[in-house]
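Peer 1: Those protein sequence lines, which keep their order, are chains A and B.
Heads up: the first sequence is residues 1 to 492, going by the working numbering.
Heads up: the second sequence is residues 1001 to 1489, going by the working numbering.
What the hints contain is simulated information worked out from the structure, not anything from laboratory work.
All C-beta atoms in this analysis are idealised placements derived from N, C-alpha and C, irrespective of residue type, glycine included.
Be a bit skeptical, because a hint or two may be false.
Incomplete in silico selection of chain B near chain A, CB under 8 Å [said to hold, decoys possible]:
no. : residue
1   : Ala1064
2   : Gly1108
3   : Phe1137
4   : Glu1141
5   : Pro1149
6   : Leu1167
7   : Leu1171
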Amino acid sequence: MDHHLPVLVVVTALVGAPLCILVRQPRVVWGLFTAITWSIAAMAVTLLLQVLSEGPVRYALGGWPPPLGIELRVDVLGGFVLTIVSGMAAVVAPYSLRSVEQEVDAARVHQFYAVLLLALTGLLGLTATGDIFNAFVFLEISSLATYVLVSLGRDRRALVSAFRYLVMGTVGGTFFLIGIGFLYVQTGTLNMLDLAAILPQWIDTRTSAVAFAFLTVGLSLKLALFPLHLWLPGAYSYAPSVVSAFLAATATKVAAYLMLRVFFTVFGQAVAFGELPVAATLPAVGLFGALAMSLVAVFQTNLKRLLAYSSIAQIGYIVTAASLGTQAGLTAGIGHLFNHAMMKGALFLAVGCIAYRIGSVRLEEIRGLGRRMPWTAAAIFVGGASLVGMPLTAGFISKWHLVSAILAEGQWGLVALILTSSLLAVAYVWRIVGFLYLRDAPSGAAPVREAPLSMLAPTWALVLANVWFGLDTRGSLGVATQAALGLLGGQP
Amino acid sequence: MTVETRVLFALLLPLLGVLGVLLARRRPNVREAVSLAVGASLFLAVASLVGPITAGADGHVVLARPLPGVALELRLEPLGVLFALVASFLWVVTTIYAIGYMRGHGEGHQTRFFACFAGAFFGVVGAAFSGNLLTLFFFYEILTVVTYPLVTHAGTEAARRAGRTYLGVLLSTSIGLFLFAIVWTWTVAGTVDFVPGGVLDGRADRVAASVILALFVFGIGKAAVMPFHRWLPAAMVAPTPVSALLHAVAVVKTGVFALLKVSIYVFGTDFLFSVPIREPLLWVAATTIVLASLIAMRKDNLKARLAYSTIGQLSYIVMGALLATPSASVGAGLHVVTHAFGKITLFFAAGAFLVAAHRTEVGQLRGIGRRMPWTSAFFLIGSLSIIGLPPFGGMWSKWLLGLGTLEAGEPWLLGVLLFSALSNFAYLLPIPVHAFFGEPDDPSSLEGVREAPLACRIAMAITASGCVALFCFPGPVHDFLRPVLSVGP
């Protein structure tokens, strides 16, 4: 049983999707969705513990041995990301009951959950796989499902956003596929470990360099690295709340994971940071993006859009940290992958609570909400503090590691960029807090009740996780360190 | 109770205060009683720590270990205990004053006011007891955030604009420079703990140490070293008790206290002496002292004048920290106390003029001494203490600072101190003199003006007697500080 965990994690979600269509009853479908996500989360945690104690798990699909057959391979990083993704799905599940009832047509609820499970399948699959073409397939499964999910938003602009996402996502996917094509032409294999073994002898060829460029740009589109981020604000702003929260916490993280795979497993640290100019370019690009997007976030009037721009900025941090190419940087990046999932998840869920009660997330409309929805507002306050990087929160731990990793490289300019963009984060978070607490409610506003418990509990679970992982980092940074060691140490 | 339990208790008391104030929001008398009770218990709790500290205990408490090698921890030393002691004592006095002021002035949102006040003391106590830079930073930031609603208390557009300046300057310096300095210290020294004798000696080269020191001096924006002083005059839109306690004592003193900690426990006075940038930074502090005095002379608004006076006085302490000689360090520590008592008296009096007579400008105070003799007399005492004349406490700290400049071989700084004392004379003393002996432009305007509420007068009497007491008995404070601060050349 344990032996089959890598594939079970993926297959459970995949089987769940058609089941939802068959069942149709909204409440039963929700129960099914919850059961599936919780069991996947349990499996992912088991898998992570197993990997931590026994080393990477390899699984040959259908008994076909690699490199011919498709191989699933989960190392510490993979287990960690699987845990993040499935954990977020599990947290979102109880939240989705009320939120989806309100935001999605009753006749379509079962389809919604089916598509959400497909998106989950894609994200889990691409994390678990050890085959680069297989990764592309799963990437597209999750992307296609996501286009549909975004288009289900109530706002009509959701359709345009979904279409824009579709176009840009497809371009990204295609670039990624072209990159894989070049690699295949050069090496004749698609298995990542096999590629890693064969590539070094061809690394001087232009084909390899071009393949690397295509893969990097394709993935940058998928993870919304500035300036390839244009699809993200719309997609996050107009999608149903559940989808925004789930996507913000997982989708770009998994794309970032894939980028790490390409850099460190397929090409290897020596190549990516020795032969190719990754360390010279990407950290600056990432941080410039962080700065620009934080600046844009300050001027947003829609809460979800504001958080979306902040997400792009945070992705910039992750890319920067990871593309330093050092162990400290990698640890910081992987740690931030986790911590950012916590904080953005919490914030998007809290914003979803507001949307649920007042039907709008415009800053003007949330004036004085701190008194009327105290728990939701407090969740935003703590989540925001974590985003800014207040000590005692997960965000501070991330920032501390990020800054010290960059300081260790002696890149003073980059540190200045980080600090400036943190200041901008203070500005936009403070704007939200100011509207929530320090403005009086608009006169004639309808009375508002606090969000239902089934939505508050998951939100606060994530908020408390932010505090917990700000105090005790063994579970987050400890694992991130091991994951970084695993990536740098080649294939143990 | 063990020392550790008492330390934790003292830290948590203000939080209890916040809770109590919020619970009693419908009954103002109970609410204010809670504030007073919590303030008094905090003072007693801190006072009970004095004995153990003198005996050598350190009351070490680890709150959490978020990073390998860096804990969120409290560790007592005399400087911090003294600061907490003064701040908590003045909190009690200010609460008495605030009851008279807030009610006399008919201010709204009083529950939020008293709750934030108590919350600010969570930050102050935490910062005073902090055992390393990270902990200090954490409580420093809490203090900034909690005091923001107090600054914008009036809720007007002007108050909000001032609030933006307040938050903008304090947060940007702390996150942009202070935090940077902390991380850098950590990268260089491998620790951010406060260790007597410092942690940077032998680990940081002179250039790195210079940059780090500059980052600390400018990054700790609460010390209001120019050019990062703009937040303090902006904060004067707050109700007077806030200006009095927070922006003459608690907040600004947290800033200079942090600098003293950095100078003594991170650099160590020996090493600080050899850091090349020390000299230019002394120039910056001296410039701040001179410029602030000059600006204060030109301000007609009483609170603005006092604010610039505070900026100048804070730089005395910054200077003392940078001089890094025994007398200068002890003098800086003592100046934290004496300036607190003097300046809070002045602010109390300024608030009393506002509440009782609705006067905010210096020019409007002529002749008011006949109607408000007590308030004017207290203002006189506060002024004399700030100038540094006997028989008031301000004299001793200035004396020690002056000695410090000579010990450090920087006699020109003595000149700066003298200039500043003269200018204090020029911009403070005319106010009470005119109040008593001047003729109002319009004699009828004094009709109906009565002395300030009793609560306000009691508070002023206590702080003014404090100024006198500090002159008569500076010994205990001095001896208390001596063991830590006398490590030096």
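Peer 1: Each hint needs a verdict: does it hold in this structure or not?
Peer 2: Comparing the hints with the structure gives:
no., hint, verdict
1, Ala1064, "holds (4 Å)"
2, Gly1108, "violated (11 Å)"
3, Phe1137, "holds (6 Å)"
4, Glu1141, "holds (6 Å)"
5, Pro1149, "holds (7 Å)"
6, Leu1167, "holds (7 Å)"
7, Leu1171, "holds (5 Å)"
Comparing the model with each numbered hint stated earlier shows that hint 2 is the single one that does not hold.
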